[in-house]
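Taking the hints into account, I'd like the entire structure generated from these sequences.
Taken in order, these protein sequences are the chains called Y and B.
Numbered according to this note's numbering, the first sequence spans residues 128 to 317.
Numbered according to this note's numbering, the second sequence spans residues 90 to 243.
Since the hints were made in silico from the structure, they are not lab data.
Just so it is clear, CB atoms sit at the ideal spot from N, CA and C, and this is done for glycine as well.
One or more hints might be untrue.
[To be verified] Simulated restraints, written as ranges between beta carbons of each label pair: (1) B:R168 <-> Y:P178: 38 to 46 Å; (2) Y:S139 <-> B:D212: 21 to 29 Å; (3) B:L131 <-> Y:P133: 20 to 28 Å.
[As the list claims (entries may be wrong)] Mimicking EDC-like on lysine to aspartate or glutamate, the simulated pairs with C-alpha atoms at most 16 Å apart in a straight line are: (4) B:K136 <-> B:E169; (5) B:K136 <-> B:D212; (6) Y:K312 <-> B:D220; (7) B:K232 <-> Y:E307; (8) B:K208 <-> Y:E292.
[To be verified] Listed next, the stretches of chain Y that the computed footprint assigns to chain B, with coverage defined by at least 3 CB atoms under 8 Å from CB atoms of chain B: (9) 168 to 177; (10) 230 to 237; (11) 250 to 264.
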Amino acid sequence: MGKKCPELNSGSMSDISFLLLTFFLLVSSINTDMGIPRRLPPPLQPGMVTPDVHKRNIFVVKINSQNMLLFDGQTGDLKALRARAKEFLSNPNDLPNLPEKETVDIPLLGTMRVSQGVISLQNDRGTSYDMYIQVQNELMAAVNEMRDELAIGRFGRSYTDLSNEQRSAIDKAIPAAISEAEPTKIGGNK
Amino acid sequence: MARFKKSNKEGTPGLNTGSMSDIVFMFLFFFMVITNMRESSLYVRIKVPQASEVQKLEKKSLVSYVNVGVPMDENKYGREPRIQLNDQIADVSDIAEFIENERAARSEADRPFLTTSIKADKDARMGIIVDIKQELRNVNALKLIYTTSRRGKE
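Set out below in structure tokens:
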């Protein structure tokens with residue numbers, strides 16, 4: 128046999144790749160973006176008329192600049208809000224002071240009685256963003272819980288495991304009707 | 090003394106580090122794939138609020154970010170929460186132009202799916218958020234997501 132082939136010194140290669148690795152660890156952020164999706168109402172057109180809504184169909188939630196919550200004409204806390212919102216949107220006993228229901232034909236679900244209730248959320252310019260998100264979260268939680276219940280009752284699976292068609296059927300049966308009123312300007316200058 | 094010399098002659102067997110770089114490279118590729126580059130550095134302090142009913146952002150490329158928080162350079166921009174668009178502190182009136190630019194950067198087919206992510210500090214006041222929302226409404230950027238961190242459901 129002739130000469131041995133000289134070996135390449137690869138010891139420093141790992142150093143280089145470690146350097147690269149640390150560089151990427153530092154400059155990158157792991158994809159953790161999530162949040163509460165919302166849809167804004169389209170801008171007001173001059174000829175547009177705001178629809179009249181029956182008083183029984185509106186559930187007013189107000190937050191003042193001191194982050195206090197008002198619904199049903201009295202202050203309340205976040206826990207109570209979720210239960211109240213659920214009761215309002217489902218109206219299980221068809222009470223006359225809770226929202227009326229409309230019979231709608233929905234594919235996959237058949238004839239459903241869809242609540243006409245709208246949750247109206249009003250905040251102040253001085254309300255903290257955190258409180259606003261907490262209230263939005265509670266309202267979404269109320270809707271999601273109802274959707275989950277219906278999904279398990281009808282399809283035997285929780286809402287997140289449904290197919291897209293099933294999900295949109297449930298969305299039609301239980302719409303997330305949260306409307307936001309113009310904010311008041313009492314407690315905030317900025 | 091003699092004993093030490095003897096052991097020196099034999100020498101400890103060298104650790105084979107050749108495959109180490111392979112492993113590290115694998116790590117490197119893993120991190121390169123699952124992460125995304127931070128597009129712009131933040132000039133405002135943001136601690137997002139927590140929420141339980143969160144959804145993941147579907148398409149990162151179709152999201153434009155509006156950051157709201159107290160500027161890090163307090164001497165220059167003051168202590169009130171400000172808006173950061175792209176790489177600079179901006180005013181509410183700059184949002185319309187920002188959204189136009191974001192739209193122009195996307196293909197025609199993608200434009201309706203453009204989402205605005207409001208990444209605001211939890212101590213910000215609603216006044217500034219409401220102004221942003223009003224401005225977004227005016228330019229018809231209606232899809233919106235409030236970025237939050239996840240908290241367990243109760």
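Verification of the hints:
1. B:R168 <-> Y:P178: 38 to 46 Å: 43 Å, holds
2. Y:S139 <-> B:D212: 21 to 29 Å: 48 Å, violated
3. B:L131 <-> Y:P133: 20 to 28 Å: 50 Å, violated
4. B:K136 <-> B:E169: 15 Å, holds
5. B:K136 <-> B:D212: 8 Å, holds
6. Y:K312 <-> B:D220: This hinted pair holds, its Cα atoms lying about 12 Å apart.
7. B:K232 <-> Y:E307: 15 Å, holds
8. B:K208 <-> Y:E292: 31 Å, violated
9. 168 to 177: holds (count 3)
10. 230 to 237: violated (count 0)
11. 250 to 264: Answer holds; 13 residues pass the 8 Å Cβ test.
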